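These protein sequences, in sequence, are chains Y and S.
For the first sequence, the working numbering begins at 139 and goes up steadily by one.
For the second sequence, the working numbering begins at 176 and goes up steadily by one.
These are computed hints drawn from the structure, not numbers from a lab.
All clues given are correct.
If you want the footprint, here are the derived chain S segments under chain Y, 3+ residues with CB under 8 Å: (1) 225-235; (2) 250-258; (3) 275-282; (4) 290-304; (5) 331-337.
What you are looking at is a predicted structure, and each value in this text was computed from that prediction instead of being measured.
Yeah, the Cβ is synthetic: ideal placement off N, Cα and C, and Gly gets one too.
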Amino acid sequence: MSMFDGFKFRSVNSSVHKMDPRAKFIYVCVMFAVAVMFSQIIPLLVLLIIQMPLVFAARVQKEWLRSMKGAAGFAIIIFLMNVFSLYFYGNYESLSAIVERSFALTLRFMVLIESFSVFFLTTSPDLLGLALEQSRVPYELCFAFTTAVRFVPVLAEEAQTIMDAQKARGLELEGGSFIKKIRNYIPILIPLIVNAIRRSLELAETMESRAWGATQNRTNLYVLRMGRKDFLLMLFSFAMLVVSVYVSLNVQIPNIIYLLNI
Amino acid sequence: MPIIETKNLTYTYPIGTKPAFEDVTIKIDKGEFVVLTGPSGCGKTTLCRCFNGLIPHFYSGKLEGEIYVSNLKVVNHPIHELAQHVGMVFQNPENQLFALSVEKDVAFGLENLGISREKMRERVDWALKITGIYGLKDRAPYELSGGQQQRVAIASVLAMQPEIIVLDEPTSFLDPVGAQNIFEVINRLNKDLGITIILVEHRLDLTSKYASRVMIMDKGRIILDGPPKEILNSEEARLIGVGIPKVTRLYQILKNKGLNLNEIPLSAEEATKGLLEVLRI
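Next comes chain S alone, as it looks inside the complex (with noise of 0.2 Å):
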């Protein structure tokens, strides 16, 4: 039983003329860490804000098309109902912290939702270990660096406890440092707690290694879907314009060249083990 399931979704804005995304079918299961990429304005965040309900509930417009999040109907069930199953993080740091310091902004939600103290008290800490920023629980946002920013918005969606959490290009707004320690933290939540995970990214070089799946879309439509090596190797991958890590262009610029490596490498470890084990002979 997939956790998400749409059966061809199209969805148009209320002030669009063309619908932001058609036709789009996907099944993802449990456990999975799906990396969602594709040019800017191909209708990655739109989908996105389908799995949490945001569309229809927040938007208007026109969805057609079915679509389940953790066995429920989304076009049935409210927002706050669906946030307790999808987690959503969003691009801009800043704009996802309302309180005036980190504990409390991780525990916002759980106080929308009526818990109890006691119990809000441990899964704020909880969360805020988990994501590693135990230590700032009582800065205000505005003296954080947005990677420590971001990791206070995941530990605030973590915080609620969600089988899916969806991430949309949570480090545009930071550096590479703070965004690889974003994706480690992410990588964790899925290989430790099994949370799935829907990344929407365009730093391919950094994320593809921890992807189970990767999905490119394109001009509102889903044109590749598969294991993370198979669909970056493709020709199609490349002449859409996605940033395909540049171990795996390496890979394809040597076999061009007649030099074989054994296996499709995703990350610079992965290649230098191919490229030691070709080269040794």
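The shape of chain Y in the complex, shown without the other chains (with noise of 0.2 Å):
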């Protein structure tokens, strides 16, 4: 789970906590066009530090921290199947070019790690409903968006509940042939299962209760308003984009093995 929690929103006071979500958003797209522009070292390189100075300014550094060391296991993997795959199938001369186009694709995901993470460490989900909601997505999926990620917590704690009322009654959870293991999880999800049908309809009964759909022109306690700092971060972005675009239009890039002279 080490590496999802380095997507969980956690509440800090910083500037970059405060950013519209819809600024962030613009940032993260732009981040991920730029990574999948390049698959050389050093622009992915840059990529990836570019970002840190986010990191710090929000000071999630630890959970960022937690996030990459969890990508760390799936980068290693993408890293050895480039490998193989370029090997047998590429045309390349050496095996360090090999070699240096397989790091490079590891660093691209890393990157989109990396700003993911930080969008998502740094975006309480009430603020993405409502950049949801004020991007003319309908109310109904919005609702239904914080709705499912209020409800994760409460949904995580009954889980563990069943949990251990199947194990107190001797349910094997470990142990066995995957998909003895898979079928080992049934009595779990079952009741986990009826309960959440059950608690829909307690929640759809609460709504209705407070006159869900009494009009048409819903109005929200807050607005979201760009500030400054937000059309920085859009300014930026723009600019990043535009730059990689001169750059890898018309720029050769050198590689590292070329540098070094290998």
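Both chains are given apart, each in its own frame, so use the hints to dock them into the complex.
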């Protein structure tokens, strides 16, 4: 679970947390596009480092490191897979070229993880729901989103309770083959699902009792307003995009092995 | 003019073979504090669902007889319209909070009604202050205790400024201290704001001193209805097995042994006072 911990929102009083989710979302999209644009080590390394000030400004280094550590396992797999496939199917002249390219692609993965992690670590689901709402996503969908996020800890706790209860009755969760392990979880899943359905009925009742659907012109307690910092971030994202497009079209990016003359 | 009036109300759930409650005829006046009690499965919850239109609008099934709430014929008005007159608080506090902060939850009903932001802010703060949870307004629901969550649920319906608040066993998930706090909040709503309260509760020890009227249901019928002292002291109440307050029971035992208190007590304070009066002689 350690990798997902690196994406879980934590309330910290920082300027990055206060930024408009829409601005941050644009930033993440740009990062994504730029990372996909390049497949050389140098620009990807720059992308990885350029995001770090944001992590420190948000004071989420610890959680961010955890997400990177969690992603490391995947990164190794991606690296090995790349080396393997490039060795057998690519036409590279040397092993070092293959290693370099694989490393670059792994870096790309880390850049993506980094920007997603920053986004989810610093954006409260409440604000995210609000951003969706203000982007004219139908309210029903936004509501479903925030409610789902709200019930994650509740369901996790419930799953734990059910697990303990079933274990107390002698259910073995560990051991056995892969298929057996999955089947072991059926006695946990069924009560969990039944409870969730029952819960949803109660929720529906409460919603109805709070005048759900009374008017088409629903209002909202909060409004998102873009501030100076949000515009700065968007400006930065836009500049990144322009520069990257220019560089990728016009600049021959040297390879590390070429620089080191291996 | 009663604020809630039913005439020969009978309801059967779609999957039920016999009515959940039948032939209920009651009149509740504005400002009353009604405690509704009775054994589990006697139809209390089902009856409450009629007060804000969950029956017949949310639950299908067969509803016979008549019911008026705040002069509205329940059958003809949608739930969201009735919700502005009748607030509903349910048993499980966890399932009544949708948002990720307390404040946002309290605003939920007002947002649905399309109330302007300034007015909403005012009412949300007001409701939070009355229920004593203003300090928690930025917390997430899972950071709160059950008692606090239930107070958020009460604030959420209070913000919609209903004339009636119906609470269906609001304390069954809470510890005694949490329950006591909830009852005090409810009592304040009734005494200070004049909101009509219908409280479904088993803990009569804690609630009967606040009530102006007690109704006891059994097997789908209202069998006792009247002032708390009279109802709780009756032989029928004890035989149905509702948990009549211990001090009231003490009064009965003392009476059987030949010691008469001047008044039927409903709380420990009243009992102490009564005992002192009698024993000083």
